[in-house]
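Trainee: Here is what each chain is made of, one letter per residue.
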Amino acid sequence: MMSEDVLKESGRSGAFIVSAQKRKMQKLAKTAGESILLLIASFVAIVVLFIFYFVTVDAIPYFQLQGFREFFTSSNWYPAGDPGEFGALAIIYGSGMVTLGSTLLSVPMGIAAAICLSDILPFSVRQYAKPVIEMLAAIPSVAFGFFALVIFAPLLQTQGGPILMWAWWILAAPFLLLAVIVISDLLSAKIEDPKRRQQISMFLLVVFGVGALAFLYWVGSVLQGIEIITGTNALNVSIILSFMALPTIVSVSEDALQAVGRELREGSYALGATRAETIVKTILPAASSGILAAVILGVMRALGETMVVWMASGNSSHIPEPWFNYLEAIRTLTATIAGDMGEADQVTGSARYHVLFAMGLLLLVISFISNLVSERIVVRQRKILSGQ
Amino acid sequence: MKTMKHVLLLAALFAVAVSSPLSAAGKSIVMDGSTTVGPLAKSFAAYFTRKYGVKVTVSESGSGNGAKSLINRSCDIATMSRAMKAQELVAARKKGVNPVGHTVALDGIAMVVHPGNPVRNLTKAQIADIYKGRITNWNQVGGPTARIVVIQRESNSGTQESFKDLIMGKTAQISKTAETQSSNGAVKNRVSSTRSAIGFLGLGFVDRSVKPVAVNGVLPSPVTVRKGIYPISRPLYMYTNGQPAGSLKTLIDLSKTPDGKRMITELGFVNK
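In order, the protein sequences belong to chains A and B.
For reference, each letter of the first sequence is one residue, going 1 to 388 in this note's numbering.
For reference, each letter of the second sequence is one residue, going 1 to 272 in this note's numbering.
Looking at chain A on its own, in the form it has when it is part of the complex (with noise of 0.2 Å):
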């Protein structure tokens, strides 16, 4: 009885061994396991905080020698001069205008787009329009910046006028068309005879389209008669970016939109919900976070842009006559630190080399910031939306 109770307890106990021992190497294997993705994971953060140190090391010189106020308040921007002036308010400003721009372009169309794939076009027709639309992402941005230099730019310069004037009509066209008739809705709303109402609502059609016509056309010709100058300017670079930023508005917001679900959809239209009224008052809500994500990835990608500013923003560090003069040459930080790096060494003189730095530090800075922005604009979403 003993010796049995024994002989299965050092069974049991034996067993209980091996798996032991069997349990010991499958914990050190999991902790191999989970520690080695933890170093891949934690390696791209520490490539980001060694990026912000080595930047911020080589910027804080450039600061201490020439101080806050040159850079940011004066535009005169010549770093090989004798000595040097480092005024890089111009060059903050065509950033600023140049991401602008493009954001004015890219983003209506973007989201524009991410609607008709998802809620609008049949999904054959959608499996072939998003990868096309996103093979645009594919192509090298400085097969952008040569087309926008040698194609693009000259074309500018030849056809400009004809240009401006038929994207003022294929833009404008449309948006007035649909406020002629809202309005013109509107305002015969209130007449209480219907027979009087349809003959005021189309009268004032009537009137309002003609306006809107003559509207048109009167911007369209003085946009025709624009001559530009330069085909390398603030314009051309923000078409191309706008197109570059498309990709990725397009498809962040699709996701977004696909994410919102049948059931909210189902639910609109169980309503009595038009499918316009479904998607401008609940789909587009829903997904906002997801779209204003999409938005920010475009902007980043536009700001963040190097190559095709450098070749085709025609890189004069001036602020256009007048301020939102388009068609003139403007200079970017990011071109600027691309143009300059060459033989700004330590050696030609330690601020030339330095204010690059600081220049990168404020592009690093700005996206920081940004993000941020959007993380924080993204959870109070999430919040309203879970009706918190």
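No lab work stands behind these hints: they were computed from the structure.
A couple of the hints might just be wrong.
[What the hints assert, rightly or not] Part of the chain A face toward chain B, derived, beta carbon under 7 Å:
1. Pro154
2. Thr230
3. Ser316
4. Ser317
5. Pro322
6. Asn325
7. Gly339
[Claimed, not checked] Facing chain B, from chain A, some residues (calculated, C-beta under 7 Å):
8. Phe52
9. Ala80
10. Gly225
11. Ile229
12. Gly314
13. Asn315
14. His318
15. Ala329
Note that the Cβ used here is the ideal one computed from N, Cα and C, for glycine as well.
Given the coordinates of chain A, work out where chain B should sit on it, guided by the hints.
Mentor: Just chain B now, with coordinates in the frame of chain A:
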């Protein structure tokens, strides 16, 4: 950082030791200075190493730094796209260095416009005013009524530097509205596709797609540059400490040999 430097240094030493077992460490030649002369110095160096087995190191840190290195005896040849300044010569004498200049080639800078532009001639003063932003329309210099698109090179460019020295003077700055292109090729491209553009190119880059303008009535060409008639040209120098001897002399005298002359012409410079 420091260990990194050590590793790089070791690697470099190792590479030198392996690649050129024939040349003793003391026999290698160090060249430093102008970026404009850089391509020429590099092709001379490659040719020299191939032919005589002597290692030649070429650095491009600017003419001023070339002079500084020569004075500090940290290079054997200073390549310079300008003559040494008086104060540099004084500093050299103080350190017991006797800089001797050798003109290896000539360099002309051509002012180019669109082939459709009727303007044929500009004076040096007109060019300076165009780049300073005082003349902004072609009709001020006898051309059509069109705003001038001024194209310059980036601040690092040697061509830019010598253009500024020869046309604008030391202190004047180029107008902020001037566009910047990153290479001779890019400037040529912009000028050939923009009707109202003006730019400047190394003589070797001028072709039929752009129209060179006569400066003070003289068209740029190897002949006018060699004769010294064309106003925007300058000699390119190599400076040595005292009269060169041995392999240093052979290297500098390469510019007088047929092979050296061919290299000079191929790089767009002009033989003196």
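Trainee: Now look at each hint and say whether the structure bears it out.
Mentor: Verification of the hints:
For the restraint placing Pro154(A) at the interface with chain B, the shortest Cβ-Cβ distance is roughly 4 Å, inside the 7 Å limit, so the hint holds. Using the Cβ-Cβ criterion of 7 Å, the hint placing Thr230(A) at the interface with chain B is satisfied: the shortest such distance is roughly 5 Å. Proximity of Ser316(A) to chain B holds as hinted, the smallest CB-CB distance being about 5 Å (cut-off 7 Å). For Ser317(A), the interface hint holds, since its Cβ comes within 7 Å of a Cβ in chain B; the closest pair sits about 6 Å apart.
The interface hint given for Pro322(A) is broken, as the beta carbon of that residue sits about 14 Å from the closest beta carbon of chain B, more than 7 Å. At about 12 Å, the closest approach between the beta carbon of Asn325(A) and any beta carbon in chain B exceeds 7 Å, and the interface hint on this residue is violated. Because the beta carbon of Gly339(A) sits about 5 Å from the nearest beta carbon in chain B, less than 7 Å, this interface hint is met. The beta carbon of Phe52(A) is not positioned within 7 Å of any beta carbon in chain B (closest approach about 17 Å), and the interface hint is therefore violated.
Taking 7 Å as the C-beta contact cut-off toward chain B, the hint placing Ala80(A) at the interface holds, the least distance being around 4 Å. Residue-level restraint check for Gly225(A) is violated (minimum Cβ-Cβ distance to chain B is 15 Å; threshold 7 Å). Annotation: interface hint on Ile229(A) holds; nearest CB of chain B at approximately 5 Å, less than 7 Å. Annotation: interface hint on Gly314(A) holds; nearest CB of chain B at approximately 4 Å, less than 7 Å.
At a threshold of 7 Å, the smallest CB-CB gap from Asn315(A) to chain B is about 4 Å, leaving the interface hint in force. Satisfaction of the interface hint for His318(A) is found here, the shortest Cβ-Cβ separation to chain B being roughly 4 Å, below the 7 Å cut-off. The criterion of a C-beta within 7 Å of any C-beta in chain B is met by Ala329(A), whose closest approach is roughly 5 Å, and the hint holds.
Against the hints set out earlier in the document, violations occur for numbers 5, 6, 8 and 10.
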